[in-house]
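Engineer: Here is how the chains run, residue by residue.
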Amino acid sequence: MLELNVQTLAFFVFALFVLGGGLGVITTRNLVHGTLYLILSLFGVAGFFVLLSAPFLAVVQVLVYIGAIAILIVFAVMLTRSMTSLHEVVNRQWVLSTIVAVLLFVMLTVTIILPVWGQDGSLAGQPVSEVVATTTDLGKALVDGNQYVLPFEVASLLLTAAMIGAIVIARDDE
Amino acid sequence: MAVLNEWAFIGVFFAVAWVFPFAPIFLARLVAPRKPNPIKQSTYECGVETVGDTWVQFKVQYYIYGLIFLVFDVEMIFLFPWAVAYRELDFFAFAAGFLFIFLLADALIYAWRKDALEWV
Amino acid sequence: MPELECAFPQVVNNLAPCLAQGGMNADLANFISILLGVVLIAALPLATLLILLVVERKVAARVQDRIGPNRVGPYGLLQSIPDALKMMTKEDITPAGADVFIYNLAPIIAFASVVLLWAVIPFTPLHIGADLSIGALYLIAVASIGTVKIMVAGWSSNNKYALLGAFRTIAQLLSYEVPLVLALLIPVMIAGTMSMQGLVEAQRGMWFFFMAPVAAIMFFIANQAETGRAPFDLLEAESEIIAGYNIEYSGFKWGMFMAGEFMHAFTASVIFAVIFLGGWIGPGTDQLPILGFVYLGAKTVVVYIFGLVLRSTVPRVRIDQLMSFNWKFLVPLAIINVLVTALLLQVVNWLGIAPQGDAASDLIANLPQTVVLLLGNLGVMGTVSTLVRNMGRQQRLADEAVEADTEVEELAHAAAH
Chain W
0 MLELNVQTLA FFVFALFVLG GGLGVITTRN LVHGTLYLIL SLFGVAGFFV
50 LLSAPFLAVV QVLVYIGAIA ILIVFAVMLT RSMTSLHEVV NRQWVLSTIV
100 AVLLFVMLTV TIILPVWGQD GSLAGQPVSE VVATTTDLGK ALVDGNQYVL
150 PFEVASLLLT AAMIGAIVIA RDDE
Chain X
0 MAVLNEWAFI GVFFAVAWVF PFAPIFLARL VAPRKPNPIK QSTYECGVET
50 VGDTWVQFKV QYYIYGLIFL VFDVEMIFLF PWAVAYRELD FFAFAAGFLF
100 IFLLADALIY AWRKDALEWV
Chain U
0 MPELECAFPQ VVNNLAPCLA QGGMNADLAN FISILLGVVL IAALPLATLL
50 ILLVVERKVA ARVQDRIGPN RVGPYGLLQS IPDALKMMTK EDITPAGADV
100 FIYNLAPIIA FASVVLLWAV IPFTPLHIGA DLSIGALYLI AVASIGTVKI
150 MVAGWSSNNK YALLGAFRTI AQLLSYEVPL VLALLIPVMI AGTMSMQGLV
200 EAQRGMWFFF MAPVAAIMFF IANQAETGRA PFDLLEAESE IIAGYNIEYS
250 GFKWGMFMAG EFMHAFTASV IFAVIFLGGW IGPGTDQLPI LGFVYLGAKT
300 VVVYIFGLVL RSTVPRVRID QLMSFNWKFL VPLAIINVLV TALLLQVVNW
350 LGIAPQGDAA SDLIANLPQT VVLLLGNLGV MGTVSTLVRN MGRQQRLADE
400 AVEADTEVEE LAHAAAH
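Residue numbers (numbering that gives the first Met the number 0), protein chains in the order written: chain W, 0 to 173; chain X, 0 to 119; chain U, 0 to 416.
Misleading hints may appear alongside valid ones.
Here are a few chain U residues that sit away from chain W, every Cβ distance over 10 angstroms (derived from the structure) [stated by the list, open to error]:
| id | residue |
| --- | --- |
| 1 | Gly67 |
| 2 | Leu77 |
| 3 | Leu125 |
| 4 | Leu131 |
| 5 | Ile139 |
| 6 | Pro282 |
| 7 | Ile334 |
| 8 | Ile335 |
| 9 | Pro367 |
| 10 | Ala403 |
| 11 | Glu406 |
| 12 | Val407 |
Here are the simulated EDC-like pairs of lysine to aspartate or glutamate, each with C-alpha atoms no more than 16 angstroms apart in a straight line [unchecked claim]:
| id | chain 1 | residue 1 | chain 2 | residue 2 |
| --- | --- | --- | --- | --- |
| 13 | U | Lys327 | X | Asp105 |
| 14 | X | Lys58 | X | Asp105 |
| 15 | X | Lys34 | U | Asp98 |
| 16 | U | Lys57 | U | Asp82 |
| 17 | X | Lys58 | U | Asp319 |
| 18 | X | Lys34 | U | Asp319 |
| 19 | U | Lys159 | U | Asp98 |
| 20 | X | Lys39 | U | Asp91 |
| 21 | U | Lys327 | X | Glu87 |
| 22 | U | Lys327 | X | Glu117 |
| 23 | X | Lys39 | U | Glu90 |
Read the hints as simulated data drawn from the structure, not as lab findings. Virtual Cβ for every residue (Gly too), placed ideally from N, Cα, C.
All chains, please: the whole structure from these sequences, using the hints.
Structural biologist: Here it is in structure tokens:
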């Protein structure tokens, strides 16, 4: 069933990155090590995007998640004390988070296994479209009045709100 | 397939790029002398003995810069597809892009007014 | 399948098919050709590095009225070799309390993140590592890995100065990435592509430097900051934080940081030459593609030397000045520049003066839209410089008024006694 070629091999390498990194994040007691594991994991996700012929998303993954969010996490970590030696690995809300995680896992698994694509499963295993969209197509769709121009502007509004909110919260102490 | 071939090049490049700096460091490890002692290995602070923990609490300003950067980073991700397609688009696209950038410029002005951009 | 010419000059361009023709497995042939290409392109910055180190010191010396290295080889050109040997034999000290694995990893990331940039640089019309459809974004993404190396190095050294230096540097790199990317947006907008080869091809008629001078200058300044060059070399402010994030490193690991920094500065010049100065474009590249390599080299050297002279001329800025300059000047200017360019491109479309088809590579056909864009850019420059001058004058007048007030008060005070 699985064809052994370069792409399959690459998929397994990236899967190893993602899962190994994820495992590292939740088991380490050192927050900075945790961030580095997270970077490894995110890098693997970027690899998946390349294999799915979505290079734009792959680069965005590296740019935003590794270049910005990982660094932001380090800044946040530096604002806390005891960053190198967490005393407990499990926090107080572990019951709730376990339930959510299990539910999410079940849901994803069901979605992948059940024949839901195209109502009766006839579209499972087929690409949604034969044509691979380019970045130009994406750009046109983003500002097309009949397509995604509203989400595009709402995204900008959301970013603005996020920035204002962040400044209000971070400077609250004064 | 041709597209993936380009990326195969990038993949191999990632692997090789790690070997290039690793090789001389490894070589230096074989050649260089190694005579560690506690004084030599102590933290270098111009000869003054180090006091307390290195990992001190940092001020919140770094975090604010990080957040503002993140917002702009995501903004630019949205602008790149817009820019690539721009020459084939009409005035409506300009208006859409203008509104998008204008809203973010607003956020920058807010940060400026609130002195969030000051290095304190 | 047609018989391929597999003698010496052709075999370079058709390695994979030639090997396959010789009876090798197609995948393996492909892999070998990719590996050879990778090693060749990755070795190129290393080879340049040996010359760069000497050029760097020579230029700095000339600016400061010294001679510079002149002992090893003709004009001291071989100076890098004894330097490297010296670094190789230096003791490598790992400070107590360092996070050893990460500590050793940091210099490797530092060097690799710069080498990776070379994968998408077009050297000639034919020779490019990988002409990705999102090449320009790839450059930004790989450069953003650079912040990770500094974070990792500063944190793992277990040194207060290193950590402080790393944090300042990260704040600087993050901040200047915003105008860098916004400046890069302009050529992408004009060319309508993010592929590096496409960006160069789009400059056949006219270099982007003349179509978007504001973006070009901004890109240069932001690059100067991203590569930690004066006046933005706060990451190695000796007087404040000793040497910054790499203070605890010694021997070849320290060498890797320095080599990475020099190479990054050179690579930034190459990228500037590719994106704004037309890359390999020059007379005769269609007949003899390899000439493009020479043109690109010449343009790069001009940019690089300019950066070097700037580096050894101007003093270092303070960190609050650095941040204010970015967030209160460069970023607003970059945003305005994007909007103005977008508007001008609509005007160009409306007037119908954009060159169509084959005319795009013609100088004359490109002139009308260049004039429109150039005038717009000059307008932005003029408005901004007037604004800044007025604001500066008001500030100065306000300061003088305060000073005068205090003087009057002091005099009154003295008279009262």
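Engineer: Run every hint past the structure and note whether it holds.
Structural biologist: Each hint, compared with the structure:
1. Gly67: holds, 37 angstroms
2. Leu77: Given that every Cβ of chain W is farther than 10 angstroms from that of Leu77/U, nearest at about 38 angstroms, it holds.
3. Leu125: holds, 22 angstroms
4. Leu131: Violated: least Cβ distance 6 angstroms, not greater than 10 angstroms.
5. Ile139: Per Cβ check, Ile139/U is inside 10 angstroms of chain W; nearest 6 angstroms; violated.
6. Pro282: Per Cβ check, Pro282/U is outside 10 angstroms of chain W; nearest 31 angstroms; holds.
7. Ile334: Fine: 13 angstroms to the nearest Cβ keeps Ile334/U off the interface.
8. Ile335: holds, 17 angstroms
9. Pro367: holds, 25 angstroms
10. Ala403: Non-interface label on Ala403/U holds, nearest chain W Cβ at 33 angstroms vs cutoff 10 angstroms.
11. Glu406: Holds, since 34 angstroms exceeds 10 angstroms.
12. Val407: Nearest chain W Cβ is 35 angstroms from Val407/U, so the label holds.
13. Lys327/U / Asp105/X: holds, 13 angstroms
14. Lys58/X / Asp105/X: violated, 25 angstroms
15. Lys34/X / Asp98/U: violated, 19 angstroms
16. Lys57/U / Asp82/U: holds, 15 angstroms
17. Lys58/X / Asp319/U: OK: Lys58/X and Asp319/U at ~15 angstroms, within 16 angstroms.
18. Lys34/X / Asp319/U: violated, 42 angstroms
19. Lys159/U / Asp98/U: holds, 14 angstroms
20. Lys39/X / Asp91/U: Between Lys39/X and Asp91/U the Cα gap is close to 11 angstroms, so the pair holds against 16 angstroms.
21. Lys327/U / Glu87/X: Not satisfied, since the Cα-Cα distance of roughly 33 angstroms exceeds 16 angstroms.
22. Lys327/U / Glu117/X: holds, 10 angstroms
23. Lys39/X / Glu90/U: holds, 11 angstroms
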